[in-house]
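Participant: In case you want the letters, here they are:
4 protein chains.
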Amino acid sequence: MIIVMKPGATREQIETVSERLVEMGFKTHPIYGQEKTVIGAIGDKKALSSEALINLPGVEKIVPIMKPYKLVSRELKDTPTIVRLGGVPVGGRGLVVMAGPCAVESEEQLMAAARAVKAAGAQVLRGGAFKPRTSPYAFQGLEEEGLKMLARVREETGMPFVTEAVDTRDVPLVAEYADAIQIGARNMQNFRLLQEAGATGKPILLKRGLAATIEEWLMAAEYILDSGNPNVILCERGIRTFETATRFTLDLAAVAVVKENSHLPVIVDPSHSTGSWRLVLPMARAAVAAGADGLIIDRSSTVLRHMPGPRSSNIKAFRA
Amino acid sequence: MIIVMKPGATREQIETVSERLVEMGFKTHPIYGQEKTVIGAIGDKKALSSEALINLPGVEKIVPIMKPYKLVSRELKDTPTIVRLGGVPVGGRGLVVMAGPCAVESEEQLMAAARAVKAAGAQVLRGGAFKPRTSPYAFQGLEEEGLKMLARVREETGMPFVTEAVDTRDVPLVAEYADAIQIGARNMQNFRLLQEAGATGKPILLKRGLAATIEEWLMAAEYILDSGNPNVILCERGIRTFETATRFTLDLAAVAVVKENSHLPVIVDPSHSTGSWRLVLPMARAAVAAGADGLIIDRSSTVLRHMPGPRSSNIKAFRA
Amino acid sequence: MIIVMKPGATREQIETVSERLVEMGFKTHPIYGQEKTVIGAIGDKKALSSEALINLPGVEKIVPIMKPYKLVSRELKDTPTIVRLGGVPVGGRGLVVMAGPCAVESEEQLMAAARAVKAAGAQVLRGGAFKPRTSPYAFQGLEEEGLKMLARVREETGMPFVTEAVDTRDVPLVAEYADAIQIGARNMQNFRLLQEAGATGKPILLKRGLAATIEEWLMAAEYILDSGNPNVILCERGIRTFETATRFTLDLAAVAVVKENSHLPVIVDPSHSTGSWRLVLPMARAAVAAGADGLIIDRSSTVLRHMPGPRSSNIKAFRA
Amino acid sequence: MIIVMKPGATREQIETVSERLVEMGFKTHPIYGQEKTVIGAIGDKKALSSEALINLPGVEKIVPIMKPYKLVSRELKDTPTIVRLGGVPVGGRGLVVMAGPCAVESEEQLMAAARAVKAAGAQVLRGGAFKPRTSPYAFQGLEEEGLKMLARVREETGMPFVTEAVDTRDVPLVAEYADAIQIGARNMQNFRLLQEAGATGKPILLKRGLAATIEEWLMAAEYILDSGNPNVILCERGIRTFETATRFTLDLAAVAVVKENSHLPVIVDPSHSTGSWRLVLPMARAAVAAGADGLIIDRSSTVLRHMPGPRSSNIKAFRA
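Chains as they are written, first to last, in the numbering used here: chain D, 17 to 336; chain C, 17 to 336; chain U, 17 to 336; chain F, 17 to 336.
For reference, chain D alone in the conformation it holds in the complex (with noise of 0.2 Å):
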């Protein structure tokens, strides 16, 4: 850590803030610049809040040397991480491909669904049984009736199945079912959520903020990784810009940008992000060139109905 003192800043509250710094165990280094200080700040700085730092006088800002994060960190572990959802190994050399509807509405409307997602190439089902509809006056989700549906299909199909859990009470029903469990995108830093369905041990289908820099994202996975959960596989689905022709900006350089790191597993919602399914073919496209491991798709009834030709060109198409 660097703590960056003012121009100007006199002598006693240089001395002022590197007896802080010893105080808080670390070790100081002073550079005296022509115009301005700067202390270099060596320790573990896990339990720091900076903001003991940034207002005493003469302090002009802090910059954070190391990464905050060090379990989802290549710097620990520099293996790639293979999740098992279900048998299906998230992270290693294959492409996963997971779909459903957004919603579960009846078993009907989701067994179609499964049938043809898992045609076209899919190897894991996702649906809503709890939904974090942004409207009070919108379907919330069938809840249990959803979960037994989705584990009923999961029979008929062999596909394991992915879900969300949006609310700490309804981690354990959820992990009773569930091959995984979904964190979605509003509720990335739910700490106590992460806790719960991290503590499940099942896997965490982690989905990126809406406006979450990836170092929060990493920040997040950290969380559960550090309630002993090593089961993370990463979601990135667009974070908010001022664009509007798309619902979300779908930044596929974080895939990159992960996969430098973390050994974390990372796949792309194009679905989601884009908002318009004529933009979902190139998207995943460029999801898999990026380098992602994997593919989360909402496959709604209206969706399913409009894609072009038979589904399994589609996903073949992705491994291109």
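It cannot be assumed that every hint is accurate.
Copies of the same chain look alike in the list, so a pair counts if it works inside one copy or between any two.
Claimed, not checked - Dumping the calculated DSS-like pairs for lysine-lysine here, alpha-carbon to alpha-carbon at most 30 Å:
#1 K43 - K22
#2 K83 - K93
#3 K86 - K147
#4 K93 - K218
Worth flagging that the hints you see were computed from the coordinates, not collected in a lab.
Here the structure is a predicted model, which means the values were calculated and not measured.
Start from chain D and add chains C, U and F according to the hints.
Facilitator: Then chains C, U and F, alone, in the frame of chain D:
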């Protein structure tokens, strides 16, 4: 709602969309433009998922006409809502100032802070007992112990307090002690939490999400009002943008937009947004000038030490 | 265009708006909803300033129905435009790679870079003679000397080149030497520059602005086509967002959106956007998979030194 | 400047970087941390392209310590700069109001607007003779005719005027008539334009770019001061964000940040930023409370018609 058809949409496609709208209970009014056809749809679309329509062949886009919220809207209630927090009215003619430490660390620290902010003119104490730290390695909060300290300080000073509930399971405990429950920015769309907190009947301080649109913010408030609790105080605390000179970008126009569209009181947090105590005073003044009903200020112990001059002059300066 | 009236707008206000629309040459179609009235306006609004309408009493908002661009639109020309840059076709079936140093520093440096990128498979050379440095203290470019070097290198290698014009007064000079003129991101809405560059008839490489919507980008291209020059190549180079792990956020969905709406060719800059040469290869692959017609890569001398392996394998890898 | 080496960087890589720094004229101070090494570099990096260093093997990132601007900085001149616009001092104790129509359409319209804004308390007239319309189909401005009208109105009313120059070739003409030259948001990084306009010696009204950081904005001002013209007035006019309820997000904290870092005067445009005349008054008040030295308001003829009450009360209200 207006459905815009693509140029070259066939008569058949237009009819299919009209039929679907009629099935959903809308009255339809097609307008045949020179290059495109649009269909006006009149009806109550509360339960509509526009996704059901957007993927129909020939549909280019759907333009909502009605605002999605009703209960929070001035169109329903054009007189300002005054929320009573402890005995303190928020939303009336006066300016309410809520201040206190970000986290409750000890009773001495809390008592000292409370006395200082009270002397400075604050009417409501804030303090975190449950902290949503973004790192598993940081302090999580004193939890029930912290709530008890806040209650004891309330007795001593007469100041009601607002504190954050981060998880649905903590809501009953927090409601037992607190005069108002804060929903943090990262939980603004944690709908289960909004419902639980709303169900207590306590005043809810609803912070705008980091990247929430004003509409999403008002819809979150709608969620709470819809569960029967009218006592919502909105809080603008800055949004995430590309600018890095401040931690977030304080969006004071949002105060004016909210005032225009909703009867709910709205306060501003000039401290967490800017991230720098040197910007707190100008932003606090600007917030008041923009029409905010109050301010909520993080008065961490360090900030307290470095705010210049007698505290009371700061608060009184805000009301200039 | 749809004019949405506020709830409670009076009959008189609605009539005033209708009259104004008729004066402007529109046909009007009012639809009386349960709570709001909307007025469909059919006509050619090319010259309309919506500001003339938005401030009329009772008007809540104006919703555009027609896209503001015509010449660049697929609705006008549904076959892909192929721009010939030197002899190189951009927009047809192949993939075009443009590469070279950010700034031309010397003839040796330029020749070495040109040979290296040519060996790697690039067909077009890029190099800056006029640099829009963001600091008055940085190198401004070799200007005409730089153009001459680019021309000599073209003779030697057979590679046509694209170079940036930063000011209207330099356009004639640049057009004298260059095969194509680049309009930089910061100049995307420098309309005088677009007109001057367009008027040369040379192919124009139009970089998307840092915070330009896709619509604004296409409107900038419209400006050029409107001055009679159909030879526009769009270039996605990343947009400004809150994420700091990359210099800009490469918006590959924009490639697909452009392809859907326009007949113009679109290439991607995976180097300036990411700001890190380790991300260039994955992003280049992703761009090609997303449907880009080509790539433009900053091959500064340092990058050249550190790209692994024979250059040709890198470029060929892009086409995988 | 601090160069942060990657964990595991070899001694050889560290030495290579140090040698390069010494070649560039820096003094180096390595600090060997537990996991990473950082190198403090002391020297004058005015001409440095950090790209020369960032790509060296082993380098993780470069952290700037010194601000890149000098002439605009309070560190150079700690007393406020007062720019005289016509006879009107901007940056001193008073509040300056500049108002007028967005585009000069006719002399009657301009004279009426000038009289109205003068009666309302404005001291400076604004009006566009050269308009940077974003569409080739919209009105481009009356150009020299418009400048003449502004000059005649100045004679009549005594109000000096500011008007935009959109192209380097128009600068001499604009400078002939105008009291101050405005650089529009989309031209903030048009460095040739900044230089030409700066070279006239006239006061320059520099609007912040749509997505310009405060640092980039101050560097644009630095460009002008570096060409010998100290008369720069900064203008905050809103930045581009995800929020769509306002045209741009007015960043009033930027006013305070500028005041903290620079001696230049800064005014605010509450009209173009919000895009809605109902938000102009609260934002104007907030801007003044935030410490702005003035306001610039688009008083188009329609807005003029619909602003409530006697104009003078509006302006005086701003000063409350």
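Participant: All the hints need checking, so say for each whether the structure fits it.
Facilitator: Taking the hints in turn, this is what the structure says about them:
1. K43 - K22: both (21 Å within a copy, 20 Å between copies)
2. K83 - K93: within (15 Å within a copy, 37 Å between copies)
3. K86 - K147: between (32 Å within a copy, 22 Å between copies)
4. K93 - K218: So K93 and K218 pass the 30 Å test inside one copy only (21 Å; across, 48 Å).
Hint compliance for this structure: every hint is met.
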